[in-house]
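J.: The primary structure of each chain is shown beneath.
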Amino acid sequence: MARELSPRRRATLTTAAWTIGFLIFFPVLWTFLTSFKTEGEAIAIPPSFLFFDWTLENYSEVQERSNYLRHAMNSVIIAFGSTFLGLLVAIPAAWSMAFSPTKSTRGILMWMLSTKMLPPVGALVPIYLICRDLGLLDTRSALVVILMLMNLPIIVWMLFTYFREIPGDILEAARMDGASLRKEITYVLVPMAVPGIASTLLLNVILAWNEAFWTLNLTADDAAPLSAFIASYSSPEGLFWAKLSAASTLAIAPILVLGWFSQKQLVRGLTFGAVK
Amino acid sequence: MGAIQLEQVLKTFDATTVIQGVDLEIEDGAFVVFVGPSGCGKSTLLRLIAGLEDVSGGRIVIDGQDATNVPPAKRELAMVFQSYALYPHMSVYRNIAFPLKMGGVDQETQRQKVEAAAKTLNLTDYLDRRPGQLSGGQRQRVAIGRAIVREPKAFLFDEPLSNLDAALRSAMRLELSELHQKLETTMIYVTHDQVEAMTMADKIVVLNGGRIEQVGSPLDLYRRPDNLFVAGFIGSPKMNIVDGAHAEKLGAPTIGVRPEHIALSTEAGDWSGVVGVAEHLGSDTFLHIETDGIGKLTVRAPGDVLVSHGDRVWLTPMADHIHRFDAGGRAVR
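If you read the protein sequences in the order shown, they are chains A and B. When the first sequence is numbered by my numbering, its final residue is 276 and no position is left out of the sequence of numbers. When the second sequence is numbered by my numbering, its final residue is 333 and no position is left out of the sequence of numbers.
With the rest of the complex left out, here is chain B (with noise of 0.2 Å):
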């Protein structure tokens, strides 16, 4: 069981606040990506359920039980950092069994969890080496070993992959993802890249300001963002941010349009436009075009599509696909 509830949490630091009275309910077994830009208060909020930072106000509660003020070590819950934080004068055996043997279990029995750990995460040939002596993703995973064995209520995850390359993050993020099939255990997982928590997100808390945005699937978030903030922050590239004249006439003070809901064309459109950089990506184009009376507009154009660099085009918004936001930046529904 790993249910976490967030009832009005805020945290202070002296007369900052960084956390705005959250409210937020994690069903048990759920992968819940934090996300939001740099500040905005996603790691600080996963420090507060871990315990390592102490709340303002506010309660925090898992499976049932208050554990506002309970210390760290007595949450039951395992964390994986950003920067491994492996214990260096220890072996890759004696990191991973080391909740357990703080938990006081048996050494036989922590051979076996120990054992069966490496298996999963492939790291039963490194079992003698320290920490110094691995690749950057080993280290990964000796950290995912030691969380994983000591089977938590949940596992919280700060920034796991950011220092991974970028061929070594899609493997551990779909790695990430087959042990939570697997486990079915409750994760919590903080990133800055909106791909990561595409991907792998049962559930996406955006935050922003220390406060949450909005909270939902994915495609949720995707297709009916709450406010500006979410439209411009989730998908790659960003959705496209019309306002003044052009979108009043589709009816609201600003509208968005993403990339892949502009329709294309050499002869005619709503707007008009001259291609600056075609970024060809073999499946799809993406087309950076300065439009006349709007600006920069981003358009997802066919990977064979025949325009480039200074050429004339005409943009079309599918009505369907134009989110429409208030003055207020708010959707308009």
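Extracted from the complex, chain A is given alone in its bound form (with noise of 0.2 Å):
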């Protein structure tokens, strides 16, 4: 049963949460405010909230000097790419430990774990070597098997959850029916853990398209996805505060809509089996 809250009581918890929210939010809409500025207000002090010059300038200067379009597009190749890889590698992985683990699932589950404990930075040398020696440098193929290699352990780990959320008498109830495991898998496991694998989805689509350190060591040009370009408007050469927040709003832009369309399926997917 809901608890009642007094009037006062509720008013005071609202302000609260609009409040923390807006500050959570500010510095995305200071982001969006200061791409709509000359260089010069955006460094102005005091600064200027709402009345200033409104400007679109940024933007099709931004345009002028980088193809958005085909950063863009590096990004959802690169954010899909590695998502969709790592969900077919996953799915059999987690399926494997959820319905017929063994001593060493647990072990294993925390070992994966472990490895995003470790700093990237750590197996940078040894990966930025090997994609050299196989000519994989500023290529999109290269960025998507490691977005999916570091983004693994987080969709087995969340695949796994799910799973193990699903009665393992269903899928038996298969196997009689005289399924084998690939039709298990693809007509039973899979369109039952449709709210997981999608949130699974989403959840990873946004981290690999906001990931930065990975695709700003291994790309220059040609593979580079929106990450290096607002990277590159953060250059020693000069202050373009305006400039850089135009950037950072067209990379963000995209993630910001797909998540706000799918925030319902993200909330569920990340407090799926937290309450049965």
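Don't read these hints as lab results, they were simulated from the structure. All values derive from a computational prediction rather than experimental measurement. In this text, a Cβ means the ideal position worked out from N, Cα and C, and glycines have one as well. Any given hint might turn out to be false.
Here are a few chain A residues that face chain B, going by a calculated C-beta distance under 10 Å [as the list claims (entries may be wrong)]:
#1 P126
#2 G135
#3 L171
#4 E172
#5 A173
#6 D177
#7 E184
#8 Y187
#9 M192
Now that you have both chains on their own, put them together as the hints suggest.
T.: Listed below in structure tokens is the structure:
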């Protein structure tokens, strides 16, 4: 049963929630506003909040200086490619760990998670050299594979958690009904885990989209996604706050829209299994 | 054809042996019930037959073919689970058609078979619904429908009625017995409820601690239990077990007498006691009597018996119906 809140308490909580929400959102809002300022206004002290000369100049200049669409396309390919490839590997892995566990399953899961605790820079030199020797520097395929490997532990963990909520009886029923392992996964497990798989997909697309370490270090121009595109405006040659903001706004816009429309799915996915 | 033989079937989980070298012959078309208390290994034995668990030793032969290492999908057995295990994302139609689809049956034959099964099970009006929109009894029927469409060699039921309420359970019990008569296919049914076992089985297999205690027809087990465990497990209310001097007087270290085989009198008899609880069921009255020097005994009396709480009564076991057991609990005949 929901607890009754007194009107005053409700008002306090609502105000607090909005304030915290606004504080979290503020940097994004400020970036968005700055992208419409001139470079002078962008660094003016005290800063103007809404009352400045709104201009689209930064956007046109950013578009002139670099090819936004190409970077955006790279981002889409890298983010979705690495996520789909990750799901392809992780679904059977999570299936075997959830439904056919061995004594070492828990250990393997913990080991997979522990790889996320290593600072990525620790693996930079070997991975850079491997990519160089294989001629994969500044290619989208290298980034797809590397980001897939980086996010694989999270994908496996998330799917493992969802799969464990699926009653094993149903998969056994499929086996008794004559389904092969592949059919059991395709016709029964995956459709039942769609909410979980969808939220895993969304979260990993967002993670891969925002990834900056590997994309900055392994790309130059051809395969550079939006994270590298933003970074190109933070240069030592001068202050380009407004252009940097315009580039950032352009880079985060697609993922913000995706996140906005799928927030229900995301929240549901992230809290899946918490309450049964 | 659906004859199944188990030869020295053994199952261990780590250091624990849950099935201890079971030999069993199940004839084609029989309705066999595995019954026993929780943890006796009855469900494990069923899962071994299904192929959902690997045997640790011994052989499983289905229709003369060694099926020990055959995967469940290839054993041509159908199973109905306690939890129904329906596919929640599929309609009733697709649930029932699923085994046919997996078997590569064409769409038209699928439709005919699903419709026939739905008709048999009164599910025709529900074919478009999802399992979540059905009642417990309807879900159980869908699970049975899914099992019958593929015409398996044998049906395996794992406590299929235990999630249903009492009224529905007895109705489904009857439906399953009728289904068995109609299909004449081997059925293996696991339950902990000895009433289900008694009412449905051609042959009951009583299991305890991973071992078979006795195999026989329901009345066989009721009338001639091989040991104290079977004597106590089969029959409701339970058989009265008496030991000590009172048993020795009747010729065995332990004796058993069923509640209906004790004569009740308000004047004279072998044993005397005071009525504790009288359960009036209408047709019968079950009297729980605190008997001097023996303890609690249950007696089945006619429905209109005029004794109640606190009355002193005399009891006499019927000589022809006394079961005698040796010190090891085995029947003495």
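J.: Next step is simple, just say for each hint if it's right about the structure.
T.: Hint-by-hint comparison with the structure:
no.: 1; hint: P126; in the structure: 41 Å, violated
no.: 2; hint: G135; in the structure: 45 Å, violated
no.: 3; hint: L171; in the structure: 9 Å, holds
no.: 4; hint: E172; in the structure: 5 Å, holds
no.: 5; hint: A173; in the structure: 4 Å, holds
no.: 6; hint: D177; in the structure: 4 Å, holds
no.: 7; hint: E184; in the structure: 9 Å, holds
no.: 8; hint: Y187; in the structure: 8 Å, holds
no.: 9; hint: M192; in the structure: 6 Å, holds
Going down the numbered hints, you'll see the structure goes against 1, 2, while the others check out.
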